[in-house]
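Enquirer: With chain B fixed as given, assemble chain X onto it according to the hints.
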Amino acid sequence: MSASREEGGLHAPAHASHGSGGHGHGGTHTPIFTGERRQQLDELLTRYPNKMAGLLPALWMAQEAQGWVSEAAMEEIGGLLELTPAYVKGVVTFYTMYHQHPVGRHFIQVCTTSPCGVCGAEDVARAFLKHTGCGELGVTSPDGKYTVIEVECLGACGFATPVMINEEFIESVTPERVPEILGTLR
Amino acid sequence: MGYPHKSHPRETPVLSKHFGDPEARTLAGWRQRGGYRALEQALGMSPADIVNVVKESGLRGRGGAGFPTGMKWSFMKPGDGKPHYLACNADESEPGTFKDREIMRWTPHALIEGCALGAHAIGAETAYIYIRGEFTEPLRVMEAAVREAYRDGILGKNAMGTTKRVDVHVHKGAGAYICGEETALMNSLEGRRGNPRIKPPFPAVSGLFGQPTTINNVETLAAVPHILTNSAQWYKEMCLSSPKSTGSKLFSVCGNIRKPGNYEVTMGFPFKEFLYDLCGGPLPGRTFKAIIPGGSSVPIQTLDEAEATLMDYEGFVAQGTMLGSGGVIVFDDTQCMVKQIARLARFYAHESCAQCTQCREGTAWTTRILERIENGEGQMDDLDTLLEIGENMTGKTICVLSDSCATPVFSGLQKWRHEFEAHIKQKRCPMRSAVAA
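Heads up: the protein sequence lines correspond to chains B and X, in order.
The first sequence runs 15 to 200 under this note's numbering.
The second sequence runs 551 to 987 under this note's numbering.
Everything hinted at is true.
Each computed DSBU-like pair below joins lysine-lysine, with the alpha-carbon atoms no more than 30 Å apart:
no. : chain 1 : residue 1 : chain 2 : residue 2
1   : B       : K159      : B       : K103
2   : X       : K965      : X       : K839
3   : X       : K722      : B       : K65
4   : X       : K749      : X       : K794
5   : X       : K627      : B       : K65
6   : X       : K794      : X       : K605
7   : X       : K749      : B       : K103
8   : X       : K749      : B       : K65
9   : X       : K722      : X       : K627
10  : X       : K605      : X       : K707
11  : X       : K556      : X       : K809
12  : X       : K822      : X       : K794
13  : X       : K632      : B       : K65
14  : B       : K159      : X       : K722
15  : X       : K722      : B       : K103
16  : X       : K707      : X       : K627
17  : X       : K707      : B       : K65
18  : X       : K822      : X       : K786
19  : X       : K839      : X       : K822
20  : X       : K556      : X       : K839
21  : X       : K714      : B       : K65
Per the computed footprint, the stretches of chain X lying under chain B, defined by three or more beta-carbons under 8 Å from a beta-carbon of chain B, are:
no. : stretch
22  : 638-651
23  : 720-732
24  : 737-744
25  : 808-817
26  : 887-894
Hints were generated in silico from the structure; no laboratory data involved.
Don't be surprised by glycine CBs; every beta carbon is placed ideally from N, CA and C.
With the rest of the complex left out, here is chain B (with noise of 0.2 Å):
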């Protein structure tokens, strides 16, 4: 169940302030992809028959500039792409890794379906909204800090109970690695 589909309604407001996320969603869009990241698009499209093929990975880029992907940016990807502001937007809802709104500087993704449930998942989520201050499942923190998520199998089911926070991939956490894990985290 992710954040995404929970809470980013297809009539969130295209500008909604979620949290204190601060990731740059001001009235005004700074364009993306212009520079080195329009180089990287272009070098990109090359490697598909079409541009539409470069949607997801331009989405990823957008979301890798802002820490989510503001309507603004699929607007200014359709654009890039040929595509109508509505089919992008019809992409990004379907996936559960892009953000439809600010989310916390470090999104922890604890994973809890059956393989890793069976291992004690369950206690790993709680161990982070109790350490983060979240308190509830996709719930940004009041610092803005962090939002904690179940996430729906990560692949890596003998390494119970996996958890991504951003980038990162971390196997076989146990509640009593909560705390040692968020003091890495700045």
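Expert: Same frame as chain B, now just chain X:
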């Protein structure tokens, strides 16, 4: 070597031989271990000859369906004037399965070599490796290896100094189990929502970008170079039971077991010895109760069935289930089957693409009923309703996600019906109170 455990003497480490060895990740290290010899050899062969070798070896798809690889490749018509594509399915998302992750993490060049070789065999110049977005480390490792292979001239316009063009690109998914379904993967790669497509047309006729496409699993492609260098006969002789199942197979083992991890055995290995000798048996003081041998979508086995199984495509079918992706999930006597089956249903409900009514409604409805029973609020006629919904979810949709949700429900009601009835009669989960006491 083996990872996370050293290879057991009874394993057959072919694909996993260099797991855990960081040197094997680099191009130089891979070459020292015999890498890219098969590709060099293959680029000097005609595509038809390569397809014949793979056919002769008996290699079957390792992603779940077990379709003969050589035959799949032979569906690609040479000289049709159309661009052909190879798609490598690295969207490993089936709960219980984590073998492709290790292949990509430790032996990225094995996969690149398999992709380049496969591309040549099917008359394609481009191969895409579609990796699930959550696999951040395998992505980094694969991307670095692809860069190395281009720098070295293995990939590109003149692959390995020949006149053949072979491009391999890594494409990052964005979180959707369904994108492991082959036609959903193609839609996703094209920049669409990952909805499965109606077949026919099959990918070999109209796949990626509407062109003839072959899609193979990571483990399948990684096995091909070994077949080329060691011969089809060598591969065919790796067989302990059914001659229709050849070669070595990686099994991922997880859940309530002493030594979870990846194990590579010859097809036909006895499952009982696998579970107790290689994987160390149950945790101290516990006993095995139920086993899902091929990823969450296959029927659940009782311990008796599992212990009588020989680990190959036919052997698992003979004991009421399927080899699937080789993801072994073990539940021991502390687990409540109602709770576990409810959790699996919840997974499918979350991952349904919602395109087909039977799946969209059926996965959610099944989950609600199962969770109600687990919470002590079920009624006896819920069990009939579950079976009826399950029937309506089987064989009626575009892809098999819907069937996969119904499968564990059928297994549960057939083999552990008493647990469901106990929940309803006692109006609570008997296991939960037992654990709490």
